[in-house]
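Using the sequences plus the hints, can you model the full thing?
Residues per chain, in single letters:
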Amino acid sequence: MPTPATTVAELMSRLRARKPLVHHITNMVVMNETANITLCAGALPVMAHAPEEVEEMVGAAGALVLNIGTLTKEQVESMLLAGSAANAKGIPIVLDPVGAGATRLRTESALRLLNDLKIAIVRGNIAEVAVLAGYEAKISGVESIGVAADAENVAKRMAEKFGCVAAITGKVDVVSDGKRVAKIANGHAMMGTVTGTGCMATAVTACYAAVEPDWLVAASSALAVYGLAGEVAASKAKGPGSFHVELYDALAGLTEEAVRPGARVEVSGS
Amino acid sequence: MPTPATTVAELMSRLRARKPLVHHITNMVVMNETANITLCAGALPVMAHAPEEVEEMVGAAGALVLNIGTLTKEQVESMLLAGSAANAKGIPIVLDPVGAGATRLRTESALRLLNDLKIAIVRGNIAEVAVLAGYEAKISGVESIGVAADAENVAKRMAEKFGCVAAITGKVDVVSDGKRVAKIANGHAMMGTVTGTGCMATAVTACYAAVEPDWLVAASSALAVYGLAGEVAASKAKGPGSFHVELYDALAGLTEEAVRPGARVEVSGS
Amino acid sequence: MPTPATTVAELMSRLRARKPLVHHITNMVVMNETANITLCAGALPVMAHAPEEVEEMVGAAGALVLNIGTLTKEQVESMLLAGSAANAKGIPIVLDPVGAGATRLRTESALRLLNDLKIAIVRGNIAEVAVLAGYEAKISGVESIGVAADAENVAKRMAEKFGCVAAITGKVDVVSDGKRVAKIANGHAMMGTVTGTGCMATAVTACYAAVEPDWLVAASSALAVYGLAGEVAASKAKGPGSFHVELYDALAGLTEEAVRPGARVEVSGS
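Protein chains in written order, with this note's numbering: chain W, 1 to 270; chain B, 1 to 270; chain R, 1 to 270.
Calculated from the structure, these hints are not laboratory results. In this text the structure is predicted, and so the values were computed from the model without any measurement. Possibly wrong hints are sitting among the right ones.
Quick list of in silico lysine-lysine cross-link-like pairs, DSS-like style, CA-CA up to 25 Å [as the list claims (entries may be wrong)]:
#1 B:K19 x R:K171
#2 B:K238 x R:K236
#3 B:K236 x W:K89
Structure below.
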């Protein structure tokens, strides 16, 4: 990725041209919102979680999102069925381990998905990823409270441990495949005032993973575009409600001309 | 329906005056949105899916929506219970076969509902309805990709096959009871940029079916009013997010004065 | 509460300073919306309903919401598990008996929660609360149609019967602990045009219960602040869609300077 912002802009246009189907097995809080952000990113969402149909449905998809935000035991079984089918077909899986570390069920379910499936990208906050990578971390509900490591080290260790790309979102997003590290300085504090903006980041990441096989590039580009949309939305919003609405408009309306100077991605390592 | 636009306007006012209860057993992606569009249309929504209560709940309703967008086996059983109770009381059922043709579970579940219940109106995209009517159709996720027939023939055959009214939404909506065909030229391409706008069309159709026993007239009027609201919303929106917000405002704010010249409904056959 | 509006303003600031975690086990229609209103009120939402994790999750929370709007038997079991854990730790529970009186399942489930758990605050419309307090009431879906008693008597009897605070929302909200009665004259008719505004009132009430042990004061303050946000939103909205968006902006943007003259709370009794 020698000139990252150009890559980001090109990928955005590739995604919009190909319009891949993205299959989401996700939490009940953000189903509508992640479907809508998928449309705004340029892909087509389908939400399906019945064990009888997930293997068939994922076969048509370009990427699969697994999000444990309101997991149940039954839903984890559907995730394993869909994930195995995706792995067999080479369809990338993006995991959002919402609340890992907050309860045993969430930590164990996330680890089971990571161990039993080949996960392409894990997108979470630093505490969620740290817990799964083996660090001590403090989580309250689904909020990261404190982690005894920096995002770069956490992302690297996570990537090495599970052979995946780890994408940790925060003030600066950090993405690593264990060797390379990308830092994305886009985004806005208002994203923290709306529920599900992390889940939406995961959804957008899956859209990009559907059209770009270098998952570090896919995740970095997704987070740059999404963060840039957040910046545009924040410049127009009067509060959390209008920010939420503007975020969809901004992502759908981004142009290559805005992305090239706006995307702030730096990649190091090789 | 000799002067269709006048009928549409009168039905809109009748709906708002009667405020019927509309019971939805629907998918988890659009529960909030279809409840809100029901309110904006002028009816009162209730969402309930537990098998222990659906028969009792539907008894108070003027119409029942069955939407299989995130179906499970258990939910289909609740639909059959509610549907049988609705049939026994003469309460019209509006079926949205979301994703029929995309997976065997969806196709078979939709056919089971159509065979075991008396469905008043089926509202879907052309591929979903075509699959159920017996045509070949290509579906990716919940998007229609290609069908080897035109909407008029598909709607007619569907209506004849199941003794229902078939409402196929698209650039021009086509509604048929097997004999008459109504074409509704309202709507806007921005409706495709927001998830659940098809499900909302189904919800609005159910509102109208609760106050008009000629289901072809009910469905045509619903789609004209809803499509007109989409046109108004598109004229004010800056993107998918603001379009979504404007759609609710537009539907709630439509006047008879706007509907009479704006509704573009043509009926042929008899 | 000698100068109620000052208390309301102080509580609002206390809530924003402490940012308690509020655990919601709620209905599928309003999960996103109640999480967002929780954020706008100044607290942190977490939605979790799996029986394997609710006891652990609620342990970190400052309050627990139980909302039966789309209840199932399994969900009621999770509510009992979470509620027992909350009671053991002294974490206040706020119950929203959505649709109690509309079906036996809802009435019986609400009564079971009230009998088996120590509920701090019940927030409902007058018919829902009246049915649980032992009055005759008529309910269609989730709408109150008619009750043979006034809100003050219903709230008092409910409070006495279950040793809780009863908060009945309507044109004027009435809150009682059986001895004191608070009347809150904030709010706007547009709140009835958006689904889930009652559920949001419950969510905001739980936020305040997390930072104020006098539950009558907590509930009254929550409803004053939320109602005031509704008034601000209504002054800017063009319809139900924009009202919904403005409601989040208004609640998040309220200042003590606006609350002190705006909150209309009167308390009688002792």
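Checked hints:
1. B:K19 x R:K171: 20 Å, holds
2. B:K238 x R:K236: The given pair, whose Cα atoms are some 19 Å apart, holds under the 25 Å limit.
3. B:K236 x W:K89: 43 Å, violated
Violated hint for the displayed structure: number 3, the only one.
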